[in-house]
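These protein sequence lines are chains A and B, in that order.
Residue numbers for the first sequence follow this note's numbering, so the first one is 1 and each next one is one higher.
Residue numbers for the second sequence follow this note's numbering, so the first one is 1 and each next one is one higher.
Keep in mind the hints are simulated off the structure, nothing from the lab.
Remember, predicted model here, so these are calculated numbers, not experimental data.
One or more hints might be untrue.
Unchecked claim - Below 20 Å or equal to it, Euclidean Cα-Cα: the simulated EDC-like pairs (lysine to aspartate or glutamate) are:
1. B/K320 to A/D70
2. A/K37 to A/D50
3. B/K65 to A/D115
4. A/K37 to B/D312
5. B/K320 to A/D115
6. B/K33 to B/D58
7. B/K65 to A/E38
8. A/K32 to B/E66
9. A/K111 to B/D312
10. A/K58 to A/D70
11. A/K32 to A/E72
12. A/K37 to B/D74
13. A/K58 to B/D312
14. B/K50 to B/E31
15. B/K320 to A/E72
16. B/K61 to B/E31
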Amino acid sequence: MQGWLSILIMIALGAGFALISVLLSNVLGPQKPTPEKEAPYECGMPPVGDARERQSVKFYLVAMIFLLFDIEVAFLYPWAMALRDLGWTGFLQVVLFMALLLTGYVYVWRKGALDWGNEKT
Amino acid sequence: MPTPLFIAQIGLTLFVFVMLLSSAAGMVYVERKVAALLQQRIGPYLVGPKGLLQPLADIIKLMFKEELRPSAADAFLFALAPIISATCAFAAFAVVPFGGDTTLLGLIPGGLRLQVADVNVAILVVFAIASMSVYGIVLAGWSSNSKYSLLGGLRSSAQMISYELSYGLALAGVLLVGNSLSLTDIVNRQAGTWLGFIPHWFVVVQPIGFLIYMTAGIAETNRAPFDFPEAEQELVAGYHTEYSSMSFAMFFLAEYVNMVTVSAVATDLFLGGWHGPFLSESIGWIWFLLKVAAILFFYVWMRWTLPRYRYDQLMRFGWKILLPLAVVNLLVTAAGVLYFGS
Numbered sequence: 001m002q003g004w005l006s007i008l009i010m011i012a013l014g015a016g017f018a019l020i021s022v023l024l025s026n027v028l029g030p031q032k033p034t035p036e037k038e039a040p041y042e043c044g045m046p047p048v049g050d051a052r053e054r055q056s057v058k059f060y061l062v063a064m065i066f067l068l069f070d071i072e073v074a075f076l077y078p079w080a081m082a083l084r085d086l087g088w089t090g091f092l093q094v095v096l097f098m099a100l101l102l103t104g105y106v107y108v109w110r111k112g113a114l115d116w117g118n119e120k121t
Numbered sequence: 001m002p003t004p005l006f007i008a009q010i011g012l013t014l015f016v017f018v019m020l021l022s023s024a025a026g027m028v029y030v031e032r033k034v035a036a037l038l039q040q041r042i043g044p045y046l047v048g049p050k051g052l053l054q055p056l057a058d059i060i061k062l063m064f065k066e067e068l069r070p071s072a073a074d075a076f077l078f079a080l081a082p083i084i085s086a087t088c089a090f091a092a093f094a095v096v097p098f099g100g101d102t103t104l105l106g107l108i109p110g111g112l113r114l115q116v117a118d119v120n121v122a123i124l125v126v127f128a129i130a131s132m133s134v135y136g137i138v139l140a141g142w143s144s145n146s147k148y149s150l151l152g153g154l155r156s157s158a159q160m161i162s163y164e165l166s167y168g169l170a171l172a173g174v175l176l177v178g179n180s181l182s183l184t185d186i187v188n189r190q191a192g193t194w195l196g197f198i199p200h201w202f203v204v205v206q207p208i209g210f211l212i213y214m215t216a217g218i219a220e221t222n223r224a225p226f227d228f229p230e231a232e233q234e235l236v237a238g239y240h241t242e243y244s245s246m247s248f249a250m251f252f253l254a255e256y257v258n259m260v261t262v263s264a265v266a267t268d269l270f271l272g273g274w275h276g277p278f279l280s281e282s283i284g285w286i287w288f289l290l291k292v293a294a295i296l297f298f299y300v301w302m303r304w305t306l307p308r309y310r311y312d313q314l315m316r317f318g319w320k321i322l323l324p325l326a327v328v329n330l331l332v333t334a335a336g337v338l339y340f341g342s
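Next up, chain B with everything else stripped away, as it sits in the complex:
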């Protein structure tokens, strides 16, 4: 017997899925418009009002393009890689809460939490799926049997695993302060303010952790200035050089959905999630959306402002600066938690 809560949960899952898809499409548009803004161009403006239908036009165009595959490629893995990438991107968002309990205008007795999957080890799931997504890229690079793809895939895997350590350690710092593996609990510990005006966000007590998390997150999602897997000037298009049509679109979809997930997790862990002034908790998801949008804008801003690093600089920074910094941050946090006992 499906209860109203169960139906609402299924509905919410579908809703989040569609929203993720549209956020990826929206990000393509925002990326191009912001790039145009920063370079004093107009950007897309022909398709739809102010070019708003541009992502749709792109998808339709890609849909009708020929699906190419190098004859020497490994057919099965070549087809599998984009699907793995896209699946991992969607799965990671499933555990991210994006709002407090809601009764959906009184339709659901007891309230529904705005989160696809309420599991008590959400942070571990995010960490695990972030590690999985490297498979899509490595398999794409290897199966293409193209030199550019292979180099892109190798570089990418080395980069992602190097920065994953700092990513994981930054998460552990928040675990210490929040004392929970559940993202919902961590967000709820960030409600309220100190002295009436400083929000009780973990970015205040974990500023270095936040910086490490964002740096590693940008490297994990392969965005500029760490976009080595697809460094156009060196590797053509990196791991997806040989991909065309919708398989190519899947990699792009995965990249944008991953960006949204990293921003959403950053909001939950460091920026207080749906807690903020002026709005009650039932419509707190507005705050959540605003914070995620701000981080996403920052992502795009970074890409069109900073030049790409050199590969040896990237590896040195990850292993010799970020990793020790993350360990020290974790130990200092642990000592602080024990000393102040909060």
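Next up, chain A with everything else stripped away, as it sits in the complex:
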């Protein structure tokens, strides 16, 4: 348990340090806000509209594909630890698992979900 306690101490130290230094700069630094300072930075031009507009659906797609593959990676960790006991049977099972994933991978590739823009380079 001591190990986890040390991680908690480390997290507390990191968060405490960040919090204190940010608070300190709030105390030490000047506070003279003007409407211009509080506007979002747009290269000196008056800001146009709100920033939270609709974004490319590509980002959403990438997040979905990531979820699937990340769970796959999470599955592989215990498998990697147990491989010596599982032997070739375990190896073949993961090859089969990978083949199933590969089908999905080829599908998203062919659908163009992994392409970003139209460049052919």
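Got chain A sorted already, so can you dock chain B onto it with the hints?
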């Protein structure tokens, strides 16, 4: 009743924390000096001998700057994001061992392992906290309510999660060879040599894994040539465009501490950790520091040598080349482990 070992453990935690802070400050200086070297400039030289106090001057200057926040920003998340970034950066290093057992000149009976937290699933912790750190960047980008910040945050999250897969698969390859989730065990399996001169490092048996790990690690820490979240020419400063003063400094601190962590984990997993010729294990941490320093220098060297990729190139490389390569590497490694039975 606090035992000497417990006190030493707390002392070690504090020591590692301070060392991480100073390593980040040191890296700022090294980065600027090496950049100057590569561009035939002198670099910082006015503050302190050879400009060594430059990072301190930077921190003091940032401390006295006004803390700005766009009026349309989400105040709570805007304040929280840099703190999350910095905390995750420190937490990840907690599980990284950086030396063998030491008795601290005989003060501690039984010996103390040079590692903040000796947990048996260290690799999983590193992987989990690496995933957490994306929160700081996404929240910073979204809460600022600035177009540049939002684009930087979105790009960054897409980039980090894309490369995290290859990162995780490269780690799994080492797990197979090392047959342990504990970083200490993995390092200890790399002691000794083959034929008397080839060190028993996992980079020898996992060369492709090492390359994948380093590439993904550079992408994870948002460093050049994958520094899209803050591509200056396109996005001003990316996710931290609206940040100033110490909140801004926290993002920088997090970036440098993350670099140190990625280098330290690479050293433990692939380069034999604190094992090396000439030095006994009790002072092996010198080897560890040298190896980490070499990787950090490589980081800086890369940044000032290679141009940034285009965003579609980055995503294509991550999904269509690195990920299949990592899967193939893992399967070949698994087959090799079963065939040779080592």
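How the hints compare with the structure:
1. A threshold of 20 Å between alpha carbons decides the hint, and for B/K320 with A/D70 the separation of about 16 Å falls inside it, so the pair holds.
2. Pair hint A/K37 plus A/D50 holds up; C-alpha atoms about 17 Å apart against a cutoff of 20 Å.
3. With a C-alpha separation of about 43 Å, the suggested pairing of B/K65 with A/D115 is violated against the 20 Å cut-off.
4. The hinted pair formed by A/K37 and B/D312 fails the criterion: a straight-line CA distance of about 34 Å is larger than 20 Å.
5. The straight-line distance between the Cα atoms of B/K320 and A/D115 is roughly 9 Å, inside the 20 Å bound, and the hint therefore holds.
6. Simply put, B/K33 and B/D58 have alpha-carbon atoms about 15 Å apart, close enough for the 20 Å limit, and the pair holds.
7. With a CA separation close to 15 Å, the supplied pair B/K65 and A/E38 stays within the 20 Å bound.
8. Simply put, A/K32 and B/E66 have alpha-carbon atoms about 8 Å apart, close enough for the 20 Å limit, and the pair holds.
9. For the suggested pair A/K111 and B/D312, the alpha carbons sit about 16 Å apart, so the restraint of at most 20 Å is met.
10. Taking the CA atoms of A/K58 and A/D70, the gap is about 18 Å. The hint holds against a cut of 20 Å.
11. Straight-line distance between C-alpha atoms of A/K32 and A/E72 comes to about 52 Å, which puts the hinted pair past the 20 Å bound.
12. Of the supplied pair hints, the one linking A/K37 and B/D74 holds, its CA atoms being roughly 16 Å apart against a limit of 20 Å.
13. Simply put, A/K58 and B/D312 have alpha-carbon atoms about 11 Å apart, close enough for the 20 Å limit, and the pair holds.
14. Taken as a hint, the B/K50 and B/E31 pair is honoured in the structure, with Cα atoms around 14 Å apart against an allowance of 20 Å.
15. Taking the CA atoms of B/K320 and A/E72, the gap is about 17 Å. The hint holds against a cut of 20 Å.
16. Note on B/K61 and B/E31: the hinted pairing holds, with a Cα-Cα distance of about 19 Å set against a maximum of 20 Å.
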